[in-house]
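Novice: Residues per chain, in single letters:
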Amino acid sequence: MASTSRLAGVPTLRHAFVPSPVPGRTAAELRGYVEGDNPVSGNPFARDLFDGLTRPLDEADMAGATFEQTRSRLLEPATEDDLHALFLENGWTDKLPIVLPTEERVAAMLAGTSRAPGEVVGRLRAASTRDYWEFTVEQAAVNAVMAGAAPEYLPVILALLGSGYSARHSSISSMSEAVVVNGPIRDEIGMNSGIGALGPYSRANATIGRAYGIGSQNLQGGSSPGISYMGSIGNPFSFTNLTFAENEERSPWEPYHVQHGFVPGDSTATVFRGVRTMITAPSGIRDDWRDHARTIFNATRASGGAVLLLDPLAAQNLVEHQGFARKEDLIEWISATGRLPARRWWAQGLQELFFGYRAEAGEEPWAGYRAAGPDDEVRINVPEDVHVIVVGGRSAATWSVLEGMANGTKLDRSLSGRTVSVDEWR
Amino acid sequence: MAGKITVLHPEGNAPTVGGKSLAPRPDTLDGRTVFLVDAGFENSGDLIEQLGASLQEHRPDITTVTVHLSTPFDPAPGLYARIAEEGDAAILGVGL
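Note that the protein sequences, when read in sequence, are chains P and A.
Under UniProt numbering, the residue at position 154 of the first sequence is numbered 154, and the numbers go up by one with no gaps.
Under UniProt numbering, the residue at position 90 of the second sequence is numbered 90, and the numbers go up by one with no gaps.
Okay, chain A solo, but in the shape it has when bound:
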């Protein structure tokens, strides 16, 4: 049997990541405001538009607000703050 050898680990150093809780959930969406966020990928705006239209037809008691990320590659703290302030829930649509 061939002898054993020792080699170095090829990976880099992972960052330390702290656990994050999901945002609190409303118990119902009745009468609530839901943000529909278009991530900006190809056709995701069209998908979000149809989602909004469907919700309007089937759940008219829910208020929807459609917003578009200027880029999906950067954080959007202003938008996050607006959703926290004005919304009860948010759906991010990727649409690939």
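For reference, chain P alone in the conformation it holds in the complex:
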């Protein structure tokens, strides 16, 4: 909070702290907090509170802080070792080794797009309480070089960074992104949609996702734990943002991007947001599949979105043995099957924050969820928040469920992702 207010031009905003945690504490414990000491200052909390509200303003309080941050395009010349140390020290990496962005390498990267180096790509920020930072094609290319990407990957990287969705969001929930690429560009740049697609077996998958992450943190002005990143546990998906291509050729259904307004010949990237959990089923698609599926879909976060990742063999079984010739029927079944008692749906963390005011405003289905009896079972996810992606190399009829939001319920300030065009960045 102190960092946010300082960057907003109010460096002396007055704070008083109670102990942590607040969630899960009884009324008596919370009363003890406000009548006890501020753990930061050591003073009685009430004294700090009254001091903050009544202490006369000094010159610093009156002046605030003005920022006009200009910087040079190039860093001071240095040895490679010193530059690697500088990049680490300044928080410009993901702590894995990077490729230093020399002028020659950045120029080569820029050959991957027809866009001018100085053209503005978009704006990013770590949280909705922070100001946006703007960035150009060249600045994005610098980060693509650092991540080890090849020039032909640049259109996908520009599409992701230009989406406006930061892959280094400051959320306390440690959320990551997942990226699914569709269309001809998958094969043109050698993306993996087959065996090991979600793992470290494709330079394109790995470095596109890594460039999205490193680019997000640098182009938005940082992602520093405790300052501009507050995810308590952190998220291993954030290293490469679970970036892979859909196995369209082996899918029995239309490609994902075609469901969302594109044609098969379009190349797109879909950013799923709020990705925290992936549950892999203990067995494939058998007679008891619906029971297994019920258990897994019931374990996901309420209105967190559900992305069913299916090996082509699993998709084939669903079509041939479970009656899901149409993808929309499968989506409706998942939405109708994953249910929670309304009291448990509302009791999950931050549900009131995201959906409470919508329920009060009469917006469905949240208003209906509010009106439901405490033991009435409500859908964990509406159909718009259920997604089906075919990926994998047909070595097993395996399937997993990923939490993630895109192209469905709009959460506050773009917390839900969407599908964006790659072609416009070629």
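Bear in mind the hints are in silico, worked out from the structure with no lab data behind them.
Everything hinted at is true.
What the simulated footprint calls covered on chain P by chain A, stretch by stretch (three residues with Cβ under 8 Å from a Cβ of chain A suffice, anywhere in the stretch; the number is not a length):
#, segment
1, 15-26
2, 137-144
Below, a list of computed lysine-lysine pairs in the DSBU-like style, where the Cα atoms sit at most 35 Å apart:
#, chain 1, residue 1, chain 2, residue 2
3, A, K4, P, K95
4, P, K95, P, K410
5, A, K20, P, K410
Even glycine gets a Cβ: it sits at the ideal position worked out from N, Cα and C.
For this one, chain P is given, so just place chain A on it according to the hints.
Specialist: Quick look at chain A alone, frame taken from chain P:
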């Protein structure tokens, strides 16, 4: 010793931010109205409720008005105007 090389700066372009003053402070809260603003995070409403109860018990001369943000992610200009109009001070409770 290895030679020196030149590389590009990896950061984007920061916005220009103008300095903002803190709001004027009352010299005392005696007989004044203080808004207690629940930011809406998990349990912050309960914390604000206990703060209000404590103030009522220990500083009954202070009038407290508890309000709840519908979302902490969007500005609330209507509420800000109300606080400026009806209040002498405000406390925003985050409650994480």
